[in-house]
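Engineer: Protein chains in written order, with this note's numbering: chain A, 5 to 588; chain B, 26 to 403.
The set of hints was computed from the structure by calculation and includes no laboratory data.
Keep in mind that a hint or two might mislead.
As the list claims (entries may be wrong) - Cross-link-like lysine-lysine pairs, in silico, DSSO-like; alpha carbons within 27 angstroms at most:
1. B:K92 - A:K447
2. B:K92 - A:K525
3. B:K327 - B:K362
4. B:K88 - A:K452
5. B:K92 - A:K452
6. B:K327 - A:K573
7. B:K307 - B:K187
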Amino acid sequence: MSGYGHHGGSYLESKGSFWTNVVDWATTVDHKKIGVMYLFAIMTMFFFGGMAAIAVRLELLEPVRPIQDAAGAIVGVKGQLFGSSDAVSLEAGNNMYNVLFTLHGAIMVFMVIVPSVPASIGNFVLPLMLGAKDVAFPKLNLLSWYIYVVGSIFAVCSIILGGVDTGWTFYTPYSSSSWLGQPKVVLMVLAAFILGFSSILTGLNFVVTVHKLRAPGMGWFDMPLFVWGIYSSAIIQVLATPVIGITLLLLAFERFTRIGIFDPALGGDPVLFQHFFWFYSHPVVYVMILPGMAIISELIGVHAHKKIFGYKAVAFASLGIAGVSFIVWGHHMFTSMSETASMIFSGLTFLVAIPTAVKVFNWIATLYKGSISINAPMLYALIFLFTFSIGGLTGLPLGTLSTDLHLHDTYFVVAHFHYVMMGGTIMAIIGGIHHWWPKMFGKTYNEKQAMIAAVIVFIGFNVTFFTQFFMGTRGMPRRYASYVDEMQIWHHISTGGSLILLVGFLWHLFVLVQSLVAGRKAEKNPWGGLTLEWLADSPPEEHNFPHEPLVTHGPYDYESAVPYHWDPKDYPVPAENLKAAGAH
Amino acid sequence: MHTPSDMTPLFSLADGFWTRTWLRHPASTEVGRETDFMFIWLWWFCVIWFVGLMILMVIFVIKYRRKPGTIAPPSSSHNTPLEIVWTVIPSLFLVWIFFKGFYGYIDKIVAPGHAIDMNLTAFKWGWQINYPNGSETPTTGRVGFREIPVFYMPAKTPVRLKMQSKDVLHAFWVPDFRIKQDVVPNRLMTVWFEADGPNEKTTTRHEVVSKDSPEGKKRPDLVALSGAAYTEHLVFCAEYCGTEHSEMAAFIRVVEPSVYEAWHTAIGTPSDPIELGKRLFKTKCASCHTDDGSSSTGPTWKDLYGKTETLKDGSQVLVDDAYILESIFEPGAKIVKGYEKQNMTSFRGLLNPSQVQGILEYMKSISVHAPKSETPTQ
Chain A
5 MSGYGHHGGS YLESKGSFWT NVVDWATTVD HKKIGVMYLF AIMTMFFFGG MAAIAVRLEL
65 LEPVRPIQDA AGAIVGVKGQ LFGSSDAVSL EAGNNMYNVL FTLHGAIMVF MVIVPSVPAS
125 IGNFVLPLML GAKDVAFPKL NLLSWYIYVV GSIFAVCSII LGGVDTGWTF YTPYSSSSWL
185 GQPKVVLMVL AAFILGFSSI LTGLNFVVTV HKLRAPGMGW FDMPLFVWGI YSSAIIQVLA
245 TPVIGITLLL LAFERFTRIG IFDPALGGDP VLFQHFFWFY SHPVVYVMIL PGMAIISELI
305 GVHAHKKIFG YKAVAFASLG IAGVSFIVWG HHMFTSMSET ASMIFSGLTF LVAIPTAVKV
365 FNWIATLYKG SISINAPMLY ALIFLFTFSI GGLTGLPLGT LSTDLHLHDT YFVVAHFHYV
425 MMGGTIMAII GGIHHWWPKM FGKTYNEKQA MIAAVIVFIG FNVTFFTQFF MGTRGMPRRY
485 ASYVDEMQIW HHISTGGSLI LLVGFLWHLF VLVQSLVAGR KAEKNPWGGL TLEWLADSPP
545 EEHNFPHEPL VTHGPYDYES AVPYHWDPKD YPVPAENLKA AGAH
Chain B
26 MHTPSDMTPL FSLADGFWTR TWLRHPASTE VGRETDFMFI WLWWFCVIWF VGLMILMVIF
86 VIKYRRKPGT IAPPSSSHNT PLEIVWTVIP SLFLVWIFFK GFYGYIDKIV APGHAIDMNL
146 TAFKWGWQIN YPNGSETPTT GRVGFREIPV FYMPAKTPVR LKMQSKDVLH AFWVPDFRIK
206 QDVVPNRLMT VWFEADGPNE KTTTRHEVVS KDSPEGKKRP DLVALSGAAY TEHLVFCAEY
266 CGTEHSEMAA FIRVVEPSVY EAWHTAIGTP SDPIELGKRL FKTKCASCHT DDGSSSTGPT
326 WKDLYGKTET LKDGSQVLVD DAYILESIFE PGAKIVKGYE KQNMTSFRGL LNPSQVQGIL
386 EYMKSISVHA PKSETPTQ
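In isolation and in its complexed conformation, chain B is listed as follows (with noise of 0.2 angstroms):
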């Protein structure tokens, strides 16, 4: 893959009049600008065919009107090389077409290794993402009446969507990207793309939200996105599945990829701790803590917070703030008396301060002995 200025002078062709009458502007993506080089490669194919062959067909039909009581003077009919050389030399433009098509679609179907994974829903009628970390977008936007789901994407990142439909067929198009992908029922489809960044010419600024005003407080999403440069791709649904199949939209919004993992937390991070703690439990803690009590790897959840427990040292410690604190970041300081042989793993660095204060908010949610003075009140 190149860009567009380390290409030969003929990729210009690909960015310029034609290009913004054929398709709107250039494609957002690299690899869909090949896709543009191509189109654009190919209508200038077909005008020099076409002109040509309508240029001669003109000439005839002007030159060889007919004229009352001749007839046509005695012409060939037939002429072996001249119909050799029209039917070898459009083939092997054929070939030529053929190989250029096939490396652009490979190009646009395999995903690099690196590419971020997220799941895509389609169904009647609408698109729902999943981000790796299982949440979806709380953004909406408008197209004419109606309100469709908003995308975040980062740019300049490869991102890699494993599609399934829940009922119908139907066909993920984002035409700024030049790609499309059906989605069928019982079978994981993939597309992926890496978007261009927002730049001056194109992007958009989100509003500015502060963390601390009433808007902030709830949406801790829109404080992320405070600010930040964007530029809007449509998602249509190409493959007709019913009634509403032309309101099955959705927009893709292309960030600075900063700006999308704050976004990405903020999502994974919603404003009542107690949810986002339980949500960390499931995700991070519950292959070796339960929530109801049962035994398992490590001690349970349940009525933990608020009592006092014996170490393997026979010493008594009160499980508080600053005790689970101690055992998430540095497990082995103060061992709980029966779990001497487990070695739990340091979670340092792989929760920040809220999600650290939301798994204490979930654990005293769940524990009769938890002072109740501080169970949060917002």
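Bound-form chain A, shown alone (with noise of 0.2 angstroms):
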């Protein structure tokens, strides 16, 4: 059925017999289905990848060390994930972590959060949002999916023929010194280069999207700013993945053909590998942040019932932040450039910080006078402000060439990025998750269980990491298996956060998956939102709207317009306000 003109049913609506309805969604094309799969792709990923930081945290518990006899044999070895006491050499326990620590950075960054938000929340909300049927591709939508899996399944291989131990940031040569006799160094990075493409086609997908499929009436001014940061990000994607594909290329090249481009043995050059992999990877930084940002201004807006303070400044700084993020790669390697490169880049560093500042400031003055109620994605919102600031404001010291080395590859940066990546990235796409869940699945969850896992996760998180800005600074490096004494009472807390933060992960897990099963059917529009992803039904119907909407009002005019399918009862606005902005 077209369902143009007329009400079809919901997108989630059986069509028949089971594998009637296998086929249909792994054969569909619209968005809402692909962005679904994503998502649980996603979260299957992030299972694992999590699982694997718990089994570093759990390493680390002890460092790793040889137990001896009276006589001073070696009988055992202790400070290894599995088991103490039978005697594995000193190798296998250090080789083992290595894996382990390669695992969950390989899985969370290239499987996880590049892809997280626009691949799974954004395929959903994003043509909503613009008043669309679908994406500009729905085809290569799927084909992108279909990708993402490939390219899992390539590192799942590669993870079953015993692991790789190169760190996700494979740095030659030690990557390359062992390539000819590992093939599963070669699948991992195939696994990478394959993702990438599927990170391309999300990307050219949604800019093509933004530009020729907006609803009539919404100029690109008024575009929610979710969508802005989707579109930021999505031409990082388009522009700085094809760099990784070329390098891990070249890195195949030079295997074969014995021309040294990477390998010093070879007369090629390390450092240059390094440019490359992170003239992708830093920009990819931004690809994983700007979406995460994106969804911290529609909770804020939506759940504040306020305009976003300076929209043009935050729309701006996102573009601004993903043309900075080209121009910036250096900085992760102030210790092997000449001293001329590092003053640029550190210079052009602190550029980013700007754009970064003005949208915290942005987001807090639009608390200001709002109408702000606090429930799950609200409280994400908050969290997100404390924790990604605090790993955009620990930037500063890294930025800073004379503390950056010393704090360069140590547990400082680990906290830091995680600050980042997690505080910002997970903490948003958790916090979106809640904010949409109503719409994706039409079910309501509990909203008090759902605010204690929160807690549990806010506190679990900052015992994980803060603890681990000490370690860096006091001299612990990053990627060690053991460690001097004195630090053991610091990887001892930090385990413990981490055992909190997975008890508050199952929580969430618990309360969706019992929304699901139980959860009332959710309203339309549960939290009073402007934009258009709430016009639609809860879960929207095969095509998103019955007629293609009007947009008369701007995302976040909450002084002069009532929202979607709400009482003006319930949403007084003063009647010259309505007049004035000219709302339905």
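Assembling the complex is the task here: the two chains are given apart, and the hints tell you how they should meet.
Structural biologist: This is the structure we're talking about:
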């Protein structure tokens, strides 16, 4: 059925038998179904990545050390993940740790955080917000999901073969020195290469969708800030991702032709690899965080019922961050570059701080004189402001050259990027999932339980990672399976925090599963949003809207417009405001 | 560069509760303390911004919580002067932070011209330093369960390490000095430091080892260090390099320059005088003499000791200890026929007695004329 011009059924409606439904989902070009499939796939990978993280934390409860008998002979190894009494070699203990942290990093970066917000929530919400029936290229959208799955399968194969111990950065010559002997390194690199294409196709799709499929009446500055954020990150995805593809191809080219590019043994330059790698991977940091910021703008605007303070500043800050993100990659290499290059990159790095700070100021200013409702999504927005501010501010001693020489490659860096990536993107996506959950699945969740889980996650997160700032400044390098004794107390606190974090996430999972099984039917516009997705049904019908929607007010005109489906009695907008804005 | 005492009062920020909490103790180098100051300054900068923002956030959330049946009163959603102010003020701070950080960085990166050069080699998984006389440290220490090298360094003396990697990327990090530098294969990377001397608070002392004890005879380096105070600093590899990355550590022990000098000489003095003589021959004499009988600028040392030479005035001389000593310190006194035009430099003041003894023993060891009874037995 066309669904255009009359009410169609929900997109979640069963199409018949079980297998009919499986085929229907597997061949769907509906952005909502693809978004939900992405959400499921990404959360599965998040679970595996999280388990690897817990394993890393458990391993670090004790340094890897031999256990010696009275005669001094080594009878066992302690500080290992699996059992401490059996006589496994130190080498095996160290290698196990190296595989686990690589696994955690590679999964979380390539399979979780990079695709997370755009591919799942973005896919679902972006066309709805624009008032479109779908993304610009629905079949390409499905293809990018399959590419994501194939890429993930390659990564899983490499894990089954025994894992990779190169770190997610694949720095040469370490990664290439074991290239031929280890097909699993090839598999992991290939996985990253394939996942890159998924990223490019999604980004391309969103850029075209934003340009061509906005509803009548929606100008660029009538777009919700979520769309601005996704649009900015999509541009980075399209422009930067090919570079990592080229880099990984060059790595392969070097292996097979023996022409030196990155390998010093062949006359190549390993620092060149770092340049190429970070030329992609730094902009990608903003692919990870911009969509998170985009969600936060939405959460704060909607739950404070307030126009975002400095809308244009926030929108341009997104584009500004995207632009600057291309010229700061060198700050990952202050300890391996020339003095001049370090100076230039340090200066450019501070440029990123300005639009980022402006966004935080705008969000907090938005709260001023708002009508703030505290619920799980809003709680996550506030948690984001807390953790992301710490993440941003701790970037200062890392961008400052003199202090970076001390902090580079220590736990301070680990803590910093977890505050940005996890305290930023992951907190935002959990908030976003709760915010759009009623829209996605048409069910309400237990608000109180979700808020308890949020508090547990918040406590666990800070205990785990704030500790690591102290570890770093006090002399604990990254990627160490073993450590000096005085660090043990810090590792114990951090591991304890990670277990609290695990409890929080499982609590969330329980709340969401309970919602799917036993949740009440959700309203169409539970939060009182003014963006177009709240005009649609919950869950939306197959083609989103019965009619092409007409945009008559801005996305955050809470002073002059009554939210969709709300009774004006519950939202008493003074008559003169209504008239002035000319809204419905 | 300044010492902490003549810094502005602001500098006292860098040695207090927060320095000890964040950094364990103040850095052990002058430039490191500049970094400490910068870090603690940034800490307070971040605390002020963060606490300020969070207080505002909490106040707004409490004060403007939703009251059912009402909507938010109209308020400005845009304020150009305010937005300009909160863009420009942080920017000015950032400019200051950038320059301050850059100057501190240059102090850490550019070594003074009179720094002592040493060669450092990084490999999977360890560090090696070749001291100016070519020797390596004979001492190891323990961290955890592992034996790691102990590198002695002179206090209050700039030392520059010229670093190379044999295999993959490594990074040389001394947390107490606040310096870190990647070591990249096929490139010469440098790092330098000027460590504080051992002081009463932080030092331990070496065991006393007498010159005549059995250990002292075997290890002249321990005799040189006997009873000397030292301060110890850990060295870590900070760039991931594989299986034993976390075991790739070393100690730096800072001792008084005079102790370092004695130790440096001692490690250049193998207990076997023949070995010492051979090494000195290679580093100091081989440009003019040979030890295999081939001809060169000066007479070959092969079968020289105990031989009778004819001098340029026709007289004869037995090459014995006395003659060799004279030739080293006063080369022009008795010149062998055929080498009249050569003008050897006097080594007076450049060789100590044990080194001279080493040269004598080496010459005896390669000469058929040398009396066997005089061959050292130790």
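Engineer: Does each hint hold? Answer for all of them.
Structural biologist: Evaluation of the provided hints:
Note on K92 of chain B and K447 of chain A: the hinted pairing holds, with a Cα-Cα distance of about 25 angstroms set against a maximum of 27 angstroms. A C-alpha spacing of about 25 angstroms is found between K92 of chain B and K525 of chain A, which places the hinted pair at or below 27 angstroms, so the restraint holds. Of the pairs offered as hints, the one joining K327 of chain B and K362 of chain B holds, with about 17 angstroms between alpha carbons and a cut-off of 27 angstroms not exceeded. Using a Cα cut-off of 27 angstroms, the hinted pair K88 of chain B and K452 of chain A holds, with the two alpha carbons roughly 22 angstroms apart.
Annotation: proposed proximity of K92 of chain B to K452 of chain A holds, straight-line Cα distance about 19 angstroms (limit 27 angstroms). For the proposed pair K327 of chain B and K573 of chain A, the alpha carbon gap of about 113 angstroms is over 27 angstroms, so the pair is violated. For the hint linking K307 of chain B to K187 of chain B, the alpha-carbon distance of about 23 angstroms falls within 27 angstroms, and the restraint holds.
When each numbered hint is compared with the structure, a violation occurs for hint 6 only.
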